[in-house]
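Chemist: Can you make the complete structure from the sequences, with help from the hints?
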Amino acid sequence: MTPERPAFDLDAVRAKISHLHHAGTDSGANSAQAATLNFVIYLDATADRAWVLERAAKIQQKHPSHAIVLDGASDAAEPMVENCAAIGADCSSVSSERVTFGVRDYGAERIAALAYAMSTPDLPTALWWTSTQVHGNPAFALLANHATNVLVDSSGNVDDDGTIEDLAAYAASHRDGTLHDFAWLRLAPWHDAIAQCFDDERLRKELFAIRSLTIAAGSEAEALYLSGWMGSRLGWTPCSRDAYCDRTGARIPFTYERRGDARRVSSVRIGTSAAEYVAHFEAAGSVLRFGAVDGSGERFVPLHQMDSLSLIERAILEPTMDANFEEALATVGTLLRQ
Amino acid sequence: METLATAEPLKTNGAPADNPLRAGISTNRIAEPCTVVFFGASGDLVKRMLLPAIYNLRLGDILPTNFAIVGFSRSDFSDDAFRAEMKNSIDEFSRSGPAKEPLWGDFAKRVSYVSGDFDSTEAFAKLKAVLERNDQELGTGGNRLFYLSTPPSVFAKIVDQLDQAGLGPRDNAKGWTRIIIEKPFGTDLESARALQAEVGKVFDEKMVYRIDHYLGKEPVQDIMALRFANVIFEPIWNRRYIDCVQITAAETVGVESRGGYYDNAGALRDMIQNHVMNLLALVAMEPPVSADADAIRDEKFKVLTAVRPIAHADVAKHAVRGQYGAGNIDGKAVPAYNTEPNVRPDSSTETYAAVKLYIDNWRWAEVPFFLRSGKRMARKNSEIAVRFRAIPHRLFGESGDQIENNVLVMKIQPEEGVSLRFAAKVPGPKMHIRSVNMDFNYGTGFGVVSAPAYERLIGDAMRGDATLFTRWDAVERAWEAVMPILDVWQGTPATEFPNYPAGSQGPAQATVLLGGSHRASETQREWRPI
Chain A
3 MTPERPAFDL
13 DAVRAKISHL
23 HHAGTDSGAN
33 SAQAATLNFV
43 IYLDATADRA
53 WVLERAAKIQ
63 QKHPSHAIVL
73 DGASDAAEPM
83 VENCAAIGAD
93 CSSVSSERVT
103 FGVRDYGAER
113 IAALAYAMST
123 PDLPTALWWT
133 STQVHGNPAF
143 ALLANHATNV
153 LVDSSGNVDD
163 DGTIEDLAAY
173 AASHRDGTLH
183 DFAWLRLAPW
193 HDAIAQCFDD
203 ERLRKELFAI
213 RSLTIAAGSE
223 AEALYLSGWM
233 GSRLGWTPCS
243 RDAYCDRTGA
253 RIPFTYERRG
263 DARRVSSVRI
273 GTSAAEYVAH
283 FEAAGSVLRF
293 GAVDGSGERF
303 VPLHQMDSLS
313 LIERAILEPT
323 MDANFEEALA
333 TVGTLLRQ
Chain B
-5 METLATAEPL
5 KTNGAPADNP
15 LRAGISTNRI
25 AEPCTVVFFG
35 ASGDLVKRML
45 LPAIYNLRLG
55 DILPTNFAIV
65 GFSRSDFSDD
75 AFRAEMKNSI
85 DEFSRSGPAK
95 EPLWGDFAKR
105 VSYVSGDFDS
115 TEAFAKLKAV
125 LERNDQELGT
135 GGNRLFYLST
145 PPSVFAKIVD
155 QLDQAGLGPR
165 DNAKGWTRII
175 IEKPFGTDLE
185 SARALQAEVG
195 KVFDEKMVYR
205 IDHYLGKEPV
215 QDIMALRFAN
225 VIFEPIWNRR
235 YIDCVQITAA
245 ETVGVESRGG
255 YYDNAGALRD
265 MIQNHVMNLL
275 ALVAMEPPVS
285 ADADAIRDEK
295 FKVLTAVRPI
305 AHADVAKHAV
315 RGQYGAGNID
325 GKAVPAYNTE
335 PNVRPDSSTE
345 TYAAVKLYID
355 NWRWAEVPFF
365 LRSGKRMARK
375 NSEIAVRFRA
385 IPHRLFGESG
395 DQIENNVLVM
405 KIQPEEGVSL
415 RFAAKVPGPK
425 MHIRSVNMDF
435 NYGTGFGVVS
445 APAYERLIGD
455 AMRGDATLFT
465 RWDAVERAWE
475 AVMPILDVWQ
485 GTPATEFPNY
495 PAGSQGPAQA
505 TVLLGGSHRA
515 SETQREWRPI
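Each protein sequence line maps, in turn, to chains A and B.
Every position in the first sequence, counted from 1, becomes a number in the numbering used here once 2 is added.
Number 346 in the numbering used here belongs to position 352 of the second sequence; there are no gaps in the numbering.
Don't read these hints as lab results, they were simulated from the structure.
Listed below are the simulated DSSO-like cross-link pairs for lysine-lysine, each with C-alpha atoms no more than 30 Å apart in a straight line:
#1 A/Lys207 with B/Lys122
#2 B/Lys122 with B/Lys177
#3 A/Lys207 with B/Lys168
Modeler: Take a look at the structure:
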């Protein structure tokens, strides 16, 4: 059995942070420092570290914050304390710092306690959980309990559906929490695009005669969420692991096809009692082409892929949970439990 | 009786439900299917601003998939020729760069053109046929937005022709009908009322969108956010704490190719009556009860109603006019106004106007509002500067330190943001006081570039949001406020013109308006440097 690692000297960490702040004001700069956020980042993949820290730094440049990085891939004995210069911010006016703890082999309770102890009271706490393991990781639930906003990415995991099932259970039991999922946030342009295709009154009735739904995506989470969104908006209920039923009880088989890049939807095929419609990308992913498979009624919708930074920003600042997400998550959760 | 289950929820009147997929989409910005008709489609505004704007609305996913564009003007274009013109406009003027495939190809299929005079019954009959065809073939649902980008002299004629052709709202049971009317809405109070009478015969007020592109600018919309989304400003936003308000709309450009129009208009009609009065209303109105369009426009109307009328005999104490002579802008020599193309050499038209107004209500009693606008000024600068009163008792400051009044500046263009000027101690052993600026800039603060005003406003009209458009009652009040000045200026040819060189701060006489404060403790007022 591996002996438990010694605890970090948090007083020393706090002293270093205080020293950094004073160094900023001693330089003669007119320092009006204020932080708006505790920003807790959990990571456990060395390959992702640079990407995650770069984006976190950009968020901190814009939103002065205390970042607490919990590095599950590191067992560094000493925490690393960095000032605002490390994140590319102007130390004379921005109060942002980053403290990185190597927490490999740390237990979930100790990780959560560490984050809690290093957080500034009275500030909201955003948790960015970058690990591909949400499902079954006890640290997630403990850190999430401490956060006002939680951002995960259920997409591209070993077990997308298990993750979403976990998230659905988490959301159901934490109604006051604000949960966001990258996999859902990335779908916003698809929601817009598909919705507006049915603004045409001539097509509207087709929405209520859907008999099959096939979604091709590079990872399962996006397909599940898109089906859950349509289902919850159209009053469908999951009636088996691979089908919804509409208000009349008519069965709507739902098929996921793994195709294309991970975290991207490739196409949506909607079969109705009268026709079959397909939406897919054109022009290197910037335009959605939608129409009947026989080519009639074709239309194009510009598709705005949002950059990950904007999505992170939205997730950590949004004060409430997106009601559509809540409903779609609940619908998919029910589907997965069938 | 057994009720058959249906997958489709019905409205209580039995009509099909709204699109359920739209519900709760946080970016619910997409307009309903519709056709947009541009009258004056071969004009400069359409070419430079409106066509690029509508294309960018498409790129921005604000135009619905079922849309159509129809150009209407006297110029003789085929559909294809107009599409080519439109593509050239987009390629040259669009902020998103040249038109791109496949979106442009899809867009172009929805563009058509009707050639004809504005008094041609046949041309309007042809327009009607095109609109009905669009409804059939492009699914535009009978929804029509008419955009009058024409000389004001034909506004009434177009409205009448629309009605005669059966294109008015009373003949359109299938969808909505809206009309956007460019400024100026009339050339004086009388003509504005006459135009309104004609427009009102065909369109209800809720269908009329009088566009003032200033209101579509992000910083102008931020005025309301600054005032009503913060608790720190509103308690001091009144006569107890504010000494005066200066609203400036200064341009470096001259009349360009608009000499013919401008020489019959002048700065008072072209800028003060609409843009600047709208800014005054936003900065001075009471908090609306909601963000609803009419709630906001009610308050704008009320504050314009409270503007103290200027007696004809007092115009000289309340208004100063100017006309630019030759000078230098950015080191380049520019000609005098009266030598510009299509301008009368003996013109008395003002290219600069400064006006002092008072608002007679509890909030603003005896607080002067100084409005000014000019062409060929030293710098392009539009802003609202709220100057607060002086401190009541001086505690700090070494001899020679001047403690300036606090000033809150809402910067509209070219800079976009907010700046607060306040006193601070200069570091060191002595208690020296100096004024410093605390700045917020839209570009760096939010890291985004604001969309051009026309994009915002056309999108709003398509969605039926009239918040940023001017209601008739406010237009009428604004005309009433400036009419005495117009009357006097028109009746008294200017003998002193030109009275400011191009590239300057404007005529020196404008300083007279500022006077001293009515309060003995206040420091001398000055125009903010342009």
